[in-house]
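Sequence order for the protein chains is A and V.
Residue numbers for the first sequence follow my numbering, so the first one is 62 and each next one is one higher.
Residue numbers for the second sequence follow my numbering, so the first one is 10 and each next one is one higher.
Heads up, a few of these hints could be off.
[Claimed, not checked] Below, in silico cross-link-like pairs of lysine-lysine (DSSO-like), each with a Cα-Cα straight-line distance of 30 Å or less:
1. A:Lys-186 / V:Lys-198
2. A:Lys-75 / V:Lys-134
3. V:Lys-85 / A:Lys-226
4. A:Lys-129 / A:Lys-228
5. V:Lys-134 / A:Lys-286
6. A:Lys-75 / V:Lys-184
7. V:Lys-184 / V:Lys-198
8. V:Lys-57 / A:Lys-290
9. A:Lys-75 / A:Lys-119
Just so you know, the hints here were simulated from the structure itself, not pulled from any lab data.
Just so we're clear, the structure is a prediction, and the values are computed from it rather than from any experiment.
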Amino acid sequence: MNIIEAHKLNYKVKNKNIFHDLDITIPYNEFVTVVGKNSVGKSTLLKILSGQIITDSKVSVDNIEVNKFNIEEIMQRYTVISSYNEFFSRTVLEEILQDKRNVSVFEVNKVKKLLDEFNLLYLEKMTVQNLSYAENQIIALIKAIIKKPKLIVLDNAFSKLDIDKRKELYSYLKNFASNNGITIISTTNNPEDLRFSDRVLLLKNGKIDYDGNYENFIKEIDLNKEGLKYPWEVEVSNKLMMYDLIDKDCFTIEDLVGELCK
Amino acid sequence: MQIEEFYKRNTIVGIVGNSGSGKSTFINQFKQSSKVGIINFNIINSIKVIDQIEYYDRFYNYKIRELEGRREEIIKMLEIDDSILDNNIYELSESELAKVLIASVLLYNPETIVFDEMLDSFDNKTKEKILKLIIKLKKFFKKNIFIVTSNIDDIYEFIDDVIIIDDGKVLLKGKKTILLDNINILTEKNIRVPNIVYFINKMKEKGINLDNVDSVNELIKTIYREMR
């Protein structure tokens with residue numbers, strides 16, 4: 062069963078066709094990441110697949126065919142974390158609870174528990190204007206997961222965070238999605254982030270040029286040609302092997318040092 | 010700490026620190042002026058792309074006559090597609106918007122330029138092109154440039170000096186070579202060092218002394234010399 066189906070997707074932006082007869086199906090509970098060069102249409106594709114943008118083509122979300130009359134119904138199915146998430150409530154707590162009136166103690170405690178998981182309990186009463194960028198993104202994450210939607214859209218959500226924070230948040234989301242039957246569609250410019258995905262889609266010239274898992278993606282695609290960079294350890298490992306300084310692939314710095322000092 | 014004491018012509022300074030370390034608070038000491046150009050997503054102030062690009066130049070400069078020529082040059086330098094000039098800001102992709110914001114500051118030619126978390130909006134190829142452009146700004150136009158980022162690995166090769174922010178304060182500042190010299194303090198405070206610095210240190214722990222280089226190619230050369 063598929064949570065997202067797009068059939069012969071075409072979409073024009075200012076008279077330019079950015080997708081050409083794209084066919085995509087995404088099964089429930091999958092974690093899919095779309096990669097590709099700048100301005101190729103990654104964010105636009107995510108918006109179309111989640112029902113945020115309506116097209117003339119046939120797109121279904123959670124078995125509902127998207128059209129201009131069922132936007133609100135579709136909106137119940139997904140939440141979005143973007144690279145900039147603006148907040149309009151007064152405090153963090155109110156923002157996460159989406160300014161709901163008559164909130165139960167149970168719901169407040171649920172929020173506190175989540176804040177605590179990220180060591181951010183101190184932010185509960187903080188005004189949303191005083192958050193650091195990282196805090197802001199984590200609050201956006203908590204807001205996105207608290208209602209356990211069927212679909213979470215990560216639109217370059219964590220690219221501006223340092224690599225350790227990114228790892229922490231992707232791990233958390235992957236785990237959460239796994240335990241709660243949630244599908245994730247995302248986009249990123251960092252190849253290290255792809256480790257958490259079940260499936261990688263390379264968007265190129267309006268088509269899906271690659272559709273497979275992360276390990277094969279790294280092996281089959283020349284990342285440098287697609288606007289991506291190899292992880293540092295992989296780049297160094299490849300070059301050291303070229304000069305016969307090591308004789309096997311290394312993925313961590315500890316491995317590299319170990320192999321060189323043998 | 011007065012921000013002016015960090016100004017140095019012909020230098021690229023990396024302002025780094027973990028996410029939430031207080032980089033933005035530190036940067037907020039910089040104020041946009043005719044001499045200091047800050048580039049981040051808070052400087053959006055127009056609806057049309059062309060208005061955004063020309064905004065600061067019209068505000069700080071009086072040389073309106075030469076505006077169009079300089080504008081074309083910068084658009085070409087940043088590889089901004091002509092077709093987006095008629096668009097509205099909200100119609101742009103993140104990378105296009107980032108380029109437009111950079112253009113709007115480069116256009117009025119301030120002496121000091123701050124790239125505040127801009128590079129993460131780009132794919133790797135474009136990121137390197139922008140960094141090479143920044144080097145040109147330093148070398149040929151003698152600018153003082155600050156690059157703020159949470160990802161020091163992206164910029165390490167391209168910077169001269171570094172300022173490490175931790176817990177809202179300047180922890181370390183100086184030439185980028187100080188990162189290797191202070192790796193113990195940084196590790197203790199959980200501050201990430203560039204992969205290359207971490208690697209050189211690990212090799213040092215094994216008794217192998219590599220040169221304190223900043224790029225992968227130089228690293229391979231120094232490894233080859235030491236370990237052949």
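Report task. Could you tell me which of the numbered hints above are not met by this structure, giving the numbers in increasing order? Result -> 3, 4, 6, 8
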